[in-house]
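Turn these sequences into a full structure, and let the hints guide you.
For the sequence shown, the positions run -22 to -1, 1 to 520 when mature numbering (1 follows the signal peptide of the UniProt record, and there is no 0) is used.
Among the hints, a few may not be true.
25 Å max Cα-Cα, derived SDA-like pairs, lysine to any residue [said to hold, decoys possible]:
#1 K120 / P132
#2 K187 / R270
#3 K210 / N177
#4 K154 / S52
#5 K95 / N505
#6 K22 / D2
#7 K95 / R301
#8 K120 / S228
#9 K154 / A353
#10 K95 / R497
#11 K210 / R174
#12 K187 / S274
#13 K340 / I322
#14 K120 / A353
Pairwise CB distance ranges (calculated) [as the list claims (entries may be wrong)]:
#15 T147 / R497: 45 to 55 Å
#16 L321 / P246: 43 to 53 Å
#17 D96 / T324: 19 to 29 Å
#18 S125 / T305: 43 to 53 Å
#19 V21 / W496: 46 to 56 Å
#20 P281 / F165: 18 to 28 Å
#21 P133 / S373: 18 to 28 Å
#22 P281 / L371: 55 to 65 Å
#23 E432 / A275: 50 to 60 Å
Derived from the structure by calculation, the hints contain no laboratory data.
All C-beta atoms, glycine included, are put in the ideal place defined by N, C-alpha and C.
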Amino acid sequence: MGDYRSVWSVILVVLLVTCASGEDPYRFYTWNVTYGDIYPLGVKQQGILINGQFPGPQIESVTNDNLIISVFNSLDEPFLISWNGVQQRRNSWQDGVYGTNCPIPPGQNFTYVLQVKDQIGSYFYFPSLGMHKAAGGYGGIKIASRSVIPVPFPPPSGEFTVLAGDWYTQNHTDLKATLDSGSDLPFPDGLLINGRGSNGYTFNVDQGKTYRFRISNVGLSTSVNFRIQGHKMLLVEVEGTHTLQNTYDSLDIHLGQSYSVLVTADQPAQDYYIVVSSRFTSQVLTATSIFRYSNSAGSVSGPLPGGPTTQIDWSLEQSRSIRRNLTASGPRPNPQGSYHYGLINTTRTVRLQNSAPVINGKQRYAVNSVSFIPADTPLKLADYFKISGVFSLGSISDNPTGGGGYLQTSVMAADFRGYIEVVFENPEENVQSWHIDGHNFFVVGMDGGQWSPESRLIYNLRDTISRCTVQVVYPMSWTAVYMPLDNVGMWNVRSENWAHQYLGQQFYLRVYSPANSWRDEYPIPSNALLCGRAVGRQTRPL
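Structural data, given as structure tokens:
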């Protein structure tokens, strides 16, 4: 079960600091990660459980809370957890991906210490090594607003977390072996809602009341559409940003994305279908849950509510309709729209083009022709200890090269407080979804065809959404974002299609400040795990 003394030493220091300085509240979690039998699609398989649960326990927090999460690895292999959308201000040491952290060895533990600084919203956590995500180990993260900050809608009568996504009945080790052999993943076996197949989960509501649904796509390879039979959805938040409160019959939710909607139980009292279906797939997969009125007079009936009948144009127009609420406060008591992102000159343009090269006879995936390979030492540790030969800055170009793919531990250099334009270009015949750890960005434009400087003429420079995961639809399409480089550290930029990420469609962004100040970045944690060429190095004492 690991060394409990190290956990208590971290907790003791935290408590002493809290009492001495009156910091923001602390929330403590202790998780035991194990294997266990699960039957999400009616077939017995080995899943990854957290405290015996699949999905794992939800993290409940409030803006600026400090989270102390002690993770005990009771698996027979290394393990890491990452926090999809939680920015970890000045603290990439807690990011939970191999580029920043050594994996937790079997039988040992690591205590994450992170703060949800100046954040609100809906997110999720997941296991980041190999294909562990295909075995479970994920759960929801809720960051509520502080009581002194007004929220732009009445408090709902209740809240539900919906973790939806595709699922494979094969063991995660078999899926990994498939990718290692040079093949792509097969078509998914089905979809899940909160770890269960069709009609396996029920959401109980009272007639006339309004509920908040926090919905995340935690799948491996598939965009989904979410809808509730006979009910409208009022969109109120996207990955920490309050939105214009548009009404939707259904929502496309791409890999890694999270949305919050309000749903009022204003229909005749009975049971209704909640439907999640796959998007942009040759075969449509569907999973259902039950939206049950407490005074229900009947079970679900009738055909399932249909999803969008058109493909790309419908999804693209829906994405463009999601706008920022300029009159709402965010995590701080100032209007979100007071940050005039469209009036700031960008300092650099980075164009990122995905590709699917075959390298050494095996299927790989690449960004600007570089297919990422992990180093023998986490990049953050190599950078901190100045270990040469692990990576080199500039090992990925700012622009597509047009050349064939090659293997490299790719790291892009960036300056703290820069303000950059990033263009994701997708020449492939499938939907792409991209995530950047440690940052939110403004989605200023997306369209079909080839991006060019003239494309900036259609940018939304007034009220676009700010988020951390964005899709790039197909065929031949682009999405442009403006991103403030306001978080020092070594940050993962990745495809949310997990097979693509595993086979090289990722790189690291090193946001650097020469000040070497705690104001810019926290020092290495005293409990940092050391591996590779960092073994035996000295971290700071407690």
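Tested hints:
no., hint, result
1, K120 / P132, "holds, 18 Å"
2, K187 / R270, "holds, 12 Å"
3, K210 / N177, "holds, 20 Å"
4, K154 / S52, "holds, 20 Å"
5, K95 / N505, "holds, 21 Å"
6, K22 / D2, "violated, 44 Å"
7, K95 / R301, "holds, 23 Å"
8, K120 / S228, "holds, 22 Å"
9, K154 / A353, "holds, 18 Å"
10, K95 / R497, "holds, 14 Å"
11, K210 / R174, "holds, 24 Å"
12, K187 / S274, "holds, 14 Å"
13, K340 / I322, "violated, 44 Å"
14, K120 / A353, "violated, 33 Å"
15, T147 / R497: 45 to 55 Å, "holds, 50 Å"
16, L321 / P246: 43 to 53 Å, "holds, 50 Å"
17, D96 / T324: 19 to 29 Å, "holds, 23 Å"
18, S125 / T305: 43 to 53 Å, "violated, 20 Å"
19, V21 / W496: 46 to 56 Å, "holds, 51 Å"
20, P281 / F165: 18 to 28 Å, "holds, 24 Å"
21, P133 / S373: 18 to 28 Å, "violated, 49 Å"
22, P281 / L371: 55 to 65 Å, "holds, 56 Å"
23, E432 / A275: 50 to 60 Å, "holds, 58 Å"
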